[in-house]
Amino acid sequence: MAAVRTSSEVAFNRAAIAAVLVATLIFLAPIYWIASTAFKPKELAITVPPTVLFQPEVTPFIRLFTKRVQMQKTVDPQAYEAAPWWEKRIYDGGERVLKVGKDVQLSQYPDRFMNSLIVAVISTVLAVGMGTFTAYGFSRFKIAGEADLLFFILSTRMLPPVVVAIPMFLMYRMVGLNDSHIGLIILYVAFNLSFSVWLMKGFMDEIPKEYEEAALVDGYTRMQAFFKIVLPEAATGIAATAVFCFITAWNEYAFALIMTNRRAQTAPPFIPSQIGSGLPDWTTIAAGTFLFLLPVAIFTFLLRNHLLRGVTFGAIRK
Amino acid sequence: MASVALTNLDPASRAAARGWSDLTIRNLFIIPTLVFLIVFNIFPLIYSLGYSFTNFAANRSEPWQFVGLQNYRELLSDDHIWSNFVITAKYVIVSVAGQMIVGFGLALLLNRSFPMKGLITTLLLLPMMMSAAVVGLFWQLLYSPSWGPINYVFGLGDFAWLSNPDSALYAVAITDIWMWSPFVMLLSLAGLSAVPQHLYEAAAIDRAGWWYTFTRITLPLVSPILLIALIFRTMEAFKTFDIAYTMTTQPTAELIAIRLYKQAFQQWDTGKSCALAYIVLIMVLAITNLYVKYLNKVKER
Numbered sequence: 001m002a003a004v005r006t007s008s009e010v011a012f013n014r015a016a017i018a019a020v021l022v023a024t025l026i027f028l029a030p031i032y033w034i035a036s037t038a039f040k041p042k043e044l045a046i047t048v049p050p051t052v053l054f055q056p057e058v059t060p061f062i063r064l065f066t067k068r069v070q071m072q073k074t075v076d077p078q079a080y081e082a083a084p085w086w087e088k089r090i091y092d093g094g095e096r097v098l099k100v101g102k103d104v105q106l107s108q109y110p111d112r113f114m115n116s117l118i119v120a121v122i123s124t125v126l127a128v129g130m131g132t133f134t135a136y137g138f139s140r141f142k143i144a145g146e147a148d149l150l151f152f153i154l155s156t157r158m159l160p161p162v163v164v165a166i167p168m169f170l171m172y173r174m175v176g177l178n179d180s181h182i183g184l185i186i187l188y189v190a191f192n193l194s195f196s197v198w199l200m201k202g203f204m205d206e207i208p209k210e211y212e213e214a215a216l217v218d219g220y221t222r223m224q225a226f227f228k229i230v231l232p233e234a235a236t237g238i239a240a241t242a243v244f245c246f247i248t249a250w251n252e253y254a255f256a257l258i259m260t261n262r263r264a265q266t267a268p269p270f271i272p273s274q275i276g277s278g279l280p281d282w283t284t285i286a287a288g289t290f291l292f293l294l295p296v297a298i299f300t301f302l303l304r305n306h307l308l309r310g311v312t313f314g315a316i317r318k
Numbered sequence: 001m002a003s004v005a006l007t008n009l010d011p012a013s014r015a016a017a018r019g020w021s022d023l024t025i026r027n028l029f030i031i032p033t034l035v036f037l038i039v040f041n042i043f044p045l046i047y048s049l050g051y052s053f054t055n056f057a058a059n060r061s062e063p064w065q066f067v068g069l070q071n072y073r074e075l076l077s078d079d080h081i082w083s084n085f086v087i088t089a090k091y092v093i094v095s096v097a098g099q100m101i102v103g104f105g106l107a108l109l110l111n112r113s114f115p116m117k118g119l120i121t122t123l124l125l126l127p128m129m130m131s132a133a134v135v136g137l138f139w140q141l142l143y144s145p146s147w148g149p150i151n152y153v154f155g156l157g158d159f160a161w162l163s164n165p166d167s168a169l170y171a172v173a174i175t176d177i178w179m180w181s182p183f184v185m186l187l188s189l190a191g192l193s194a195v196p197q198h199l200y201e202a203a204a205i206d207r208a209g210w211w212y213t214f215t216r217i218t219l220p221l222v223s224p225i226l227l228i229a230l231i232f233r234t235m236e237a238f239k240t241f242d243i244a245y246t247m248t249t250q251p252t253a254e255l256i257a258i259r260l261y262k263q264a265f266q267q268w269d270t271g272k273s274c275a276l277a278y279i280v281l282i283m284v285l286a287i288t289n290l291y292v293k294y295l296n297k298v299k300e301r
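Those protein sequence lines, which keep their order, are chains A and B.
Residue numbering for the first sequence follows full-length UniProt numbering, starting at 1 and increasing by one per position.
Residue numbering for the second sequence follows full-length UniProt numbering, starting at 1 and increasing by one per position.
Among the hints, erroneous ones may be present.
[Said to hold, decoys possible] Here are a few chain B residues that face chain A, going by a calculated C-beta distance under 8 Å:
hint : residue
1    : Ser48
2    : Leu106
3    : Trp139
4    : Leu142
5    : Pro145
6    : Pro149
7    : Pro251
8    : Ala277
[Unchecked claim] Mimicking PhoX-like on lysine-lysine, the simulated pairs with C-alpha atoms at most 25 Å apart in a straight line are:
hint : chain 1 : residue 1 : chain 2 : residue 2
9    : A       : Lys142    : B       : Lys90
10   : A       : Lys88     : A       : Lys42
11   : A       : Lys142    : B       : Lys262
12   : B       : Lys90     : B       : Lys262
[Stated by the list, open to error] Just a sample of chain A residues kept apart from chain B, beta carbon distances all over 10 Å, derived:
hint : residue
13   : Gln105
14   : His181
15   : Arg304
The set of hints was computed from the structure by calculation and includes no laboratory data.
C-beta atoms are modelled at their ideal positions from N, C-alpha and C, and glycine is treated no differently.
Produce the complete structure using the sequences and hints provided.
Here it is in structure tokens:
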């Protein structure tokens, strides 16, 4: 900008900032709607006009985690008195919590959430581990046809999931990997590996070769230099890559929909399957969605300085 | 002299005398990844290429027969499939154009210093990090005809976004624009911040107008990165499955990936779906090739 700013420039600047704020509100509105619906009383979820201000409550989360049935008659006052606070909330809604003996029956949600966590964490560790080694190899050694190999690696990432899923489904069925954690983990490692190689190669290229060469002169072997010099230098890159891989695996839908149905089903295919027929209980769906999106929102803030790199496979950095 | 000779040696070959050789390490680091990708990505594709020439159906135990190119012939002359491709093309054009305009527009607005810029930029990026399937599901509530906030805010009465055959595809595209404009914005911001300030200063001295500065300085310098965003989003939009699948069941919004899924896992027409998968795959690889070419171009600069 020129040193002297005219008043029209200042006005334009202000208008632009105001526009940014309005756009931010519009972009955040759907996310706010998810979060707020998760804390709404059931009857306020689908009102006309939509309810914006209300007394928040955690009942949707209690419903999310428990198995319930509709009650035929009113609750016995003694049982109501004896019930803990969260169970009273369920009674208030005309339902009762299912129990076996004294144990509360949990809904499927915590299971599916755990499946998502198991599959995402293990596949991330494997993809980033393998990717780090491979990226170092590509970064430091001469490899015949390097560009072609890297293109091959990247192109595996671009394959449409449904295209890969058809033969994988048939093969998994033969070896009994359908609806298993291992089967899903393998698919997610294959999907994230190329990403992890490309992103880590960008980080590796930034570590000066002289560091290792100095270590080699000092009597380290190449492996020692890699583990003691390169890996600590690459720690930030490894962490960023891991978070990206985690988010991708966490959010993945198509493979999970096709390959799992019960035991290993993750949250993304499970949450939409809850809609069912009739009037869906949007507050409970919102509660499940909210808990599921929360980790990604937190990670986005942690990653904010690496987002550009991540979405361009390490090609463009700030 | 001896010590000089020693340090002048290539450090790599000195290291090779101890521990593993560089060649061993290189192979050890790279080959497992390549093998893994070949086994779990390339081999399945070869496997399905084989099936694409058969009438195999995965839900029946009858033996399958080799049918040659029949699957491909039938697919290419099937009006239904063509309409899926037309729907996909419409979707790609609307949603990518929307993302480019909104994303680049946001980047132009953001490309100035103001308080809390970092926070606001990160908040704007949130939609693209979230699960398309789960977010798409929730947009059903936002679009709901009778009590949806969108119809209320815009005064659209009980307009049924997702169950109206004419609007379902565009409703999905709007959600996709909401999700992925931040991606274009992020890339555009990087492009805009790389434009040297002295060019703007020179233009200001020459009393160049806003439009002139924009079309002669900003746009040409940002266009390589915009092109990357455009190709990448085109490829992703072409593959779209989850967001459209969870949002609507309208046949007018049946993208090619959804058609493929239904053919393979609902009609169990496995042989034919493998053939369709190959047609889709070839198209995606063509765009990928283009993408990597431009990515490398920008990288070299």
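Task: Restraint check, 8 Å cut-off on beta carbons, for B/Pro149 near chain A - done: 4 Å, holds
Task: Restraint check for A/Lys142 with B/Lys262, where alpha carbons must lie at most 25 Å apart - done: With Cα atoms ~45 Å apart, A/Lys142 and B/Lys262 exceed 25 Å; violated.
TODO: With a cut-off of 8 Å on the beta carbons, see whether B/Leu106 makes it to chain A.
DONE: 6 Å, holds
Task: Closest C-beta approach of B/Leu142 to chain A relative to 8 Å, hint status - done: Since the shortest Cβ distance to chain A is 6 Å, the answer is holds.
Open item on the list: Tell me if the straight-line CA distance from B/Lys90 to B/Lys262 falls inside 25 Å.
Closed with: Between B/Lys90 and B/Lys262 the Cα gap is close to 20 Å, so the pair holds against 25 Å.
Open item on the list: Holds or violated: A/Lys142 and B/Lys90, Cα atoms, limit 25 Å.
Closed with: 45 Å, violated
Open item on the list: Just to be careful: measuring from the Cβ of B/Pro145 to every Cβ in chain A, is the smallest value less than 8 Å?
Closed with: With a minimum Cβ separation of about 11 Å from chain A (threshold 8 Å), the hint on B/Pro145 is violated.
TODO: Could you let me know if the closest chain B CB is still more than 10 Å away from the CB of A/His181?
DONE: With a cut-off of 10 Å, A/His181 remains clear of chain B, as the shortest Cβ separation is near 16 Å.
Open item on the list: Would the hint on B/Pro251 be counted as holding, given a Cβ-Cβ threshold of 8 Å to chain A?
Closed with: 18 Å, violated
Open item on the list: For A/Lys88 and A/Lys42, compute the direct alpha-carbon distance and say whether it is at most 25 Å.
Closed with: Between A/Lys88 and A/Lys42 the Cα gap is close to 15 Å, so the pair holds against 25 Å.
Task: B/Ala277 as an interface hint toward chain A, with CB separation required under 8 Å - done: 4 Å, holds
Open item on the list: If I take the minimum Cβ distance from A/Arg304 to any residue of chain B, is it greater than 10 Å?
Closed with: 5 Å, violated
Figure legend: structure checked against the earlier numbered hints; hints not met, in rising order: 5, 7, 9, 11, 15.
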